[in-house]
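**Student:** Residue strings, one per chain:
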Amino acid sequence: MSTPTSPGRPAVPASSPAPYAAPRAATSVPTGRLGIWWFLASEVVIFGGLVTIYVLFRLRHPEWGKLAAHTMTVAGAVNTLVLLTSSLTMVLAHESVERGNLRLASQAMLQSVFAGGVFLVIKAFEYTHEIVQGFTPVAGLFWSFYFAMTGLHALHVLGGLVAILAVRRAVQRGENPHRVEYVGIYWHFVDVVWIFLFPLLYLASRG
Amino acid sequence: MSHDGHAEAAGLWSRIFSTDHKVIAKQYLFTGIAMAFLGGILAQIMRLQLSNPGHPVPGLGVVQGIKYNATVTMHGTVMIFWVAMPLLLGAFGNFLIPLMVGTRDMAFPRLNMLSYWTFFLSTVVLVSSFLVPGGPSPVGWTAYPPLSAIPAYSGNTWGVHLWILAVALELVAFLMGGINYITTAINLRAPGMRMRDLPLVVWMQIAASIIFLFSVGPLVAGAVMLLLDRTAGTGFYNPAAGGDPLLFQHLFWFFGHPEVYVLLLPGLGIVAEILPVFSRKPIFGYRMIVWSTVVTGLLSFVVWAHHQFVSGIDPRLAAPFSLTTILISVPVAVTLFCFMATLYRGSIEFKTPMLFALGMMAVFLIGGVTGILNGSAAADIYIHDTYFVVAHFHYALIPPVFFSFFAGIYYWYPKMFGRMMNETLGRLHFLGTFLFVNVTFLPMFVMGLRGYPRRVYDPSQFVALGNMGGMQILATIGTAGLLFSQVPLLINFFGSMKRGRVAGANPWRANTLEWLAPSPPQHGNFDEIPSVYRWPYEYSAPGRDNDWYPQHVAPEGALSRKAG
Amino acid sequence: MFDWLPRAASTYAHDIDGLIWLITAIVGVWFILAEAVLVFLIVRYRRRPGHPAAYVTGDRRRQVAWILVPCVAILACDLIIDGASAHVWEKMKQTQPKPELEIRIEGRQWAWIFVHPGPDGRLDTPDDVVKMNEIHVPVNAVVRFALRSSDTLHSLWIPELRLKQDAVPGRTIYGWFEATRTGSYGVLCAELCGAAHGMMRGTLTVDEPDVYRGWVAAEASPPPAAGAASPATTSAASTSPAAPASTPATKGAIAR
Ligand code: HEA
Ligand code: HEA
Ligand code: CUA
Ligand SMILES: [Cu+2]
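Protein chains in written order, with my numbering: chain A, 1 to 207; chain B, 208 to 771; chain C, 772 to 1027.
Keep in mind that the hints are not guaranteed to be accurate.
[To be verified] Under 8 Å between C-beta atoms, here's a sample of chain A residues computed to sit facing chain B:
1. F39
2. G49
3. P62
4. G65
Rather than coming from a laboratory, the hints here were simulated on the basis of the structure.
Each residue gets a CB set at the ideal place from its N, CA and C atoms; glycine is no exception.
Chain A on its own, in the form it takes in the complex (with noise of 0.2 Å):
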């Protein structure tokens, strides 16, 4: 806590107001995962809300259990399958980041990517197979749900793609080598969200 502090750069004039980055940590957390922790803090409410809506709803309406036979539950467990995937190749990039193998680090966020591509397109597939069956969204409230739950979700997933491609160009300049750390803690709260969803959505399907 007493260590003297480097104040990043001297005191710049105001006419060029370049950001200035975080000199310190006053915890032993570095500022960019205390930020990510509390930005998942966030989202785990919002999951939370909408789940424990849901979970409530159904409670309410036990014949939700036979809709819930329709969805593809194969295509589910496989995209289960693909997303803790993806989080084993993230978890394998932050660790070659550590070590210092920055090319094999964006070779696992390629995969991690590539995976959750793959996610992606199952999902869209279900989508149309569901929607061509008439389960659209304003089939019934069991529906709504599915689609807002699982939608909302998909946009995590393709958030997530962005996020780690950007990472990857600035990893590949050996620029902030750090951030796949973060990135990799908001796949994988993505990937738990998943482990959530799936069960309440896919299975227990007998109401």
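Fit chains B and C with the ligands to the given chain A structure using the hints.
**Tutor:** For chains B and C with the ligands alone, coordinates are given in the frame of chain A:
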């Protein structure tokens, strides 16, 4: 750590899209002030219709029906989300946190910039809803479905769409801001500054941001669901489709109640900074205040259904929610009593910031104790949705949103703009505001007790409830007086930028770190990052010549850190 | 003297009024005390030459007690308020005295629809008295109501009865009241329900039982002629002694 590689192109562009927390603070400040005019004018329009029902309001025709409902809705929305939030959190949070913890900027300056511009976008969306066919949203700031979910019921399509979009964007903007505030205060503290050396206003800003962060998520989801109900035809809130209108009320108030403490806490924080400086005494019970803030924050999550006592929820829920609600009086009282004890044996100087800080406490007490009447479920059966509630929440909101804000402006103006504000005009402003707030809102308690309901545009309909005409006129006169009382502030605020006496770095002889930086501080704030040696409230310490002892001044001789 | 609250006209109105005044008294004392202390401190410790401020941080145990002891007293006051409040709440919302009359109420944009049982004392029979913005009840009789809404939220609000209850589409909410004073009172809507929310009002007429009975009899749709009624009804009426049974039921609904 990160951005060192490339410098941004200088010039106008980078000044508008600045990442400097002080510039962003001022952007929030000026947007908030502009919106305060809008909110105030809307209030005056409402008051004119209420005291003179059926007569045209100059320039607007008769404000009845949907037009009146839209005026109420936009007044409430603007005041809470576009005045209180940007002024208390956006302006003061951004300006003070980096300066007071002794760092050069926020933890994530670009995120901070994004936060403001998201807020700006939300402002544009909201204001544009005044221009769409059908006018702005007329469904109340609480936007209860089915009225808000089915356009045919409210007679408004685009206004409500845009309202939901604007509020959702605004919430996201402050979510980004909040992450920055929390991270900055936790991690970017100057060397030697422990959490218990943080000025209370910083504590309060963090607490408010955390409360906001943990309460807003479900409402963001709920707002998206509402928008889907309106546009895509889902039925989350539509009983005919198996949905539930009460669901939205739970989501709204799960956020809405914590939100009122999101506004109260920064307001109390500002008072906590000003009281010690102008009574030259340490704050009384620093630790008790921090703990009571934590308890208030925790309790605020388990009281939301007190807005729904008669909404059709299970009646067995009323007693527990009543209990938690009324218990909040204890931590809030701890804080207020600590503030009062700070005055004890002080040497109080009545500069304008101090007047507003003391006025804040005096007026908030009315809002606080009337909250207890609402909090009793059985008494609330009678006063719910009457003007009693309207009076309660204006008495609870105006102290943090206006009194604290004004106190903070008078106090930190020299730091923000480098010059002092005029004392005489300041006193005039205080006297007018203090007087007319009471003239406006005391009559509303009386109307409410007579049973007069909210959001009703023609009081003359309710002769059976007693003649409210006199009370209505009094309240309208009060509002006009209140608006008029802001003229000295405007003259003072804009005039002092050029004409005010040049303020030194530390015109109030205060201890906190922002007074070490020049007024106004340059980009990067400090020539050299200060080290911190003590808590922020070392006033009139025994055995010293000066009655203040700034946080950054090293104790003579000794290198060891004195315990607070 | 100015009446702060409208004149009470139901059994539980006095409980509510008593509660409101109890809470007002308790918090009023605290409020006056707090303001008085505040003003005293402000005046007493204004800046005067020769009176420097003292260094008091409020960390000593004695000083902490200045705050915490009053707060324990506040806690006690809170519990008193909660107890009294829960008691009244339970009486009003969690108990249902035996009803002597059942009325169905529906809120819609922008009117109150009141369905009174006809002379047979039962709802859902052809002699029901359906009124828009007009409700009649006998004095001193427990009235149970079923409240619904057909569009948005509304809130049944009768100040003199101290009765307020939201109507929620998709649910039926039950409640009760017992009017104690004859006369006519305003029925308002307390929940924002659209353009004419402010104009949505009706009248409650509380009558002596026989006056009420007379009103119902006069308003009831003409009793179904044998030919007009459906065959099932006719045969039931003619073959079973059910018809006379309605007389005691009607009596039971109103007499006391
Ligand atoms: C900053 C804003 C703010 C603050 C701080 C508060 C503070 C409180 N509010 Fe308020 N409230 C609102 C803003 C605020 N409120 C708004 C905007 C609404 C309406 C929304 C709408 O419907 O549009 C509302 C509505 C509202 C309701 C719903 C009313 C209804 O619709 O029927 C209730 C019910 O319980 C309530 C209770 C309280 C309580 C118990 C407190 C407590 O925190 C107060 C605690 C403080 C004190 C008690 C004073 C200090 C203590 C003492 C002096 C000691 C003595 C006290 C005792 C012995 C008890 N408020
Ligand atoms: C922070 C919140 C806030 C504030 C400050 C106010 C301020 C005022 N409010 Fe409002 N009000 C609400 C929040 C607020 N209100 C909410 C949430 C509702 C409920 C809405 C609903 O039911 O949906 C409501 C509803 C409401 C009603 C009920 C309408 C109805 O139910 O039919 C009324 C009626 O009189 C009213 C009146 C007023 C008046 C006269 C003021 C006056 O105090 C206004 C005076 C204005 C000013 C004093 C602003 C001037 C300040 C500046 C210009 C700043 C300048 C600064 C610098 C230059 C540095 N308000
Ligand atoms: Cu019906 Cu308001
Ligand atoms: Cu509340």
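**Student:** If a hint holds in the structure, say so; if it doesn't, say that too.
**Tutor:** Taking the hints in turn, this is what the structure says about them:
no. : hint : in the structure
1   : F39  : holds (6 Å)
2   : G49  : holds (3 Å)
3   : P62  : violated (13 Å)
4   : G65  : violated (15 Å)
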